[in-house]
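**Q** Going line by line, the protein sequences match chains A and B. Under our numbering, residues 1 to 323 are what the first sequence spells out, in order. Under our numbering, residues 1 to 286 are what the second sequence spells out, in order.
A portion of the hints provided could be inaccurate.
Some, not all, of what chain B presents toward chain A, calculated at C-beta under 10 Å [unchecked claim]: (1) Val81; (2) Ser83; (3) Asp84; (4) Leu88; (5) Ser189; (6) Arg209; (7) Ala212; (8) Leu215; (9) Asp246; (10) Leu267; (11) Thr268.
By construction, these hints were calculated from the structure, which means they are not laboratory data. Every residue gets a Cβ at the ideal spot worked out from N, C-alpha and C, and that includes glycine.
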Amino acid sequence: MTATTPESSAFRHDLVLYDGRSQLVDLLAPFLRDGAAVGDHVVVLGEPDLVETLLSAVPELPSVHLMPQSEGERYPGRDLHRLEQTLVRLSGTDAGVRVVNQMPAMTTGRWLEWRRYEAAVNVVLAPYRAWGKCAHDVTKLSPTMLSELTANHPVVETRDGRRPSDAFDPRDADTRDYLDVPPHPLDGTEPTLSLVQPTAADARTVVRDLAIASGLSPTAQESLILATSEVVTNGLVHGRPPVVLRVWVGQEGRMWVAVSDSGSGPPPLVGLVRAASDGAFGGGGLWIVHMLLPEVHHRCGPEGYTITFGVNGEPEASTPTGY
Amino acid sequence: MTRWVGAVSVVSGRFMATVTGRALGDHVCWPFHGMDEFVSAARDYVTEGLDRHERVAFCKVAITGMHRAVVSEVTQVGRSVSSDVPVLTPMTTELGWTPSTSPIGPFRRMTEAALADGYTGLRILTDATDIARDPEMREQWFRCEHLIDRYGLRNPVVVVCGYDIQRLGEEVVAEMASVHAHTGGTPCSFLLRATDEDGGLALSGEVDRGSAAGLFQALLAIAGDTAGPVVLDLSEHAFIDHTGLDALDRAARTLGTTVSLVGASPLTALLVDAFGFTGITVQAGS
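Make the full structure from the sequences, and use the hints.
**A** Structure below.
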């Protein structure tokens with residue numbers, strides 16, 4: 001990276017609100033065209049057909065990095081890591097980087113983690129000289145979602161033009177209570193099994209046995225066992241006793257695990273912003289959980305902190321290649 | 001040996017309930033609670049060896065040296081009032097051996113003598129409790145245990161190493177157990193064993209935050225003189241989380257080498273990549 005002023009080294013994080021496919025292309029294509037004109041690298045994330053349409057709309061892109069993925073396959077922890085890895089790779093050159101990211105259509109269930117993602121982008125990608133645009137389908141956003149998004153993007157762009165976001169709060173990530181959310185729907189239901197104050201090894205053993213019995217694929221088993229181990233360890237090290245493990249076995253090889261403790265919970269961007277090592281071996285246990293698992297739910301409430309996560313029978317192959 | 005269960009093995013056959021059922025090549029840690037328990041295990045172990053026409057010897061490894069006795073009848077196994085060894089026969093002292101030197105010289109001479117005398121192999125029972133009580137000597141002996149592990153790979157010996165939990169405490173026994181190919185019970189969560197005579201290693205069991213430091217120390221102690229990358233075989237489906245991989249990474253960088261993983265699961269490969277552990281490589285096709 002060339003010597004930069006603080007302004008040019010900061011990550012720029014715009015919110016693009018679109019209604020309909022053609023509007024999305026109209027909003028993003030000029031941004032890419034301008035990038036091509038100055039020789040910037042371009043990174044495109046989104047539905048495979050949108051990625052293709054953008055490419056044919058702006059055929060002159062000199063350096064383009066495509067990350068086509070349908071919305072059902074995307075999850076915040078892995079997306080953020082992949083994006084950061086891409087920016088690390090591109091940071092060795094003089095050229096700037098432009099990122100367009102067609103965000104998954106928001107549902108109430110998806111929103112909790114994607115809103116943390118949008119806040120975490122401001123922290124994790126801050127060191128990179130890049131300009132990113134997160135494109136959200138405005139027809140899928142509730143008023144609350146819209147208000148949250150304008151709070152963590154400094155600039156908002158619609159078909160009416162670009163304007164600074166009045167609601168933007170640079171301290172958003174520190175101040176908002178991202179984990180103050182309703183309990184996971186499973187929370188009030190009877191688990192298949194629960195253990196009070198298990199060791200990480202105990203937790204691995206019971207989850208392994210249930211995962212095998214329920215016919216989970218080897219990859220799903222391994223991911224769930226590792227995630228359980230990391231989360232229980234985290235509860236024992238950082239939480240307040242008792243640490244309680246609950247496991248639900250669902251239909252068709254689906255399993256969920258919840259780990260609770262009575263403490264006040266982790267920082268609001270837990271798992272998306274990688275924790276510094278505390279000097280012991282490791283550091284980043286919850287970060288890797290968010291890399292591995294599509295469904296993670298955090299809640300801090302008067303009774304303490306609970307993290308709930310699940311796998312289905314055949315999660316996507318987790319391989320280090322391909323990003 | 002390993003019980004395969006989906007993606008990972010749980011309690012591998014390397015963690016055993018009985019001291020018998022041994023085969024030549026085995027190197028086993030045998031934690032015990034007090035001499036009476038040790039004598040009882042020793043009787044079973046000695047009986048099995050005599051039945052198989054192996055030469056059976058007891059070695060007491062102490063700071064003062066290695067003291068040994070050949071046992072030719074099970075009636076010679078027992079606890080005498082005046083001594084803290086599980087045999088009733090007189091001991092001789094191995095001349096020229098000190099804890100800072102390799103035990104393989106004496107072991108090799110004993111193996112060759114056993115074969116020359118017509119035995120099918122050599123069966124040794126050691127009690128290394130005394131030497132393990134001294135922190136500095138323990139470090140030396142830790143390395144010796146790994147050399148014994150290597151020696152067993154290609155020689156007709158079976159070695160069972162007794163450690164008294166009552167005198168050493170569980171933490172020290174866990175440390176010593178971790179460099180054996182097998183152990184009685186589960187004194188430790190992982191076993192780091194030799195796979196060849198060039199420093200190749202394999203991991204069994206589980207490494208997490210509670211045992212990562214032990215793995216780091218074990219590697220530093222036994223992998224220091226390995227030429228080239230330290231090959232670590234994970235194909236027994238050992239569980240290793242990011243703290244364990246961090247330990248491998250830091251050990252590799254401390255030793256100025258790399259740890260090359262063989263038989264790693266895709267998930268382990270993903271962890272190495274995601275955390276950017278540059279001291280670790282994952283061998284393709286593993």
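**Q** For each hint, tell me whether it holds in the structure or not.
**A** Now for the hints, and whether the structure bears them out:
no.: 1; hint: Val81; verdict: 41 Å, violated
no.: 2; hint: Ser83; verdict: 39 Å, violated
no.: 3; hint: Asp84; verdict: 34 Å, violated
no.: 4; hint: Leu88; verdict: 41 Å, violated
no.: 5; hint: Ser189; verdict: 7 Å, holds
no.: 6; hint: Arg209; verdict: 5 Å, holds
no.: 7; hint: Ala212; verdict: 4 Å, holds
no.: 8; hint: Leu215; verdict: 9 Å, holds
no.: 9; hint: Asp246; verdict: 5 Å, holds
no.: 10; hint: Leu267; verdict: 5 Å, holds
no.: 11; hint: Thr268; verdict: 9 Å, holds
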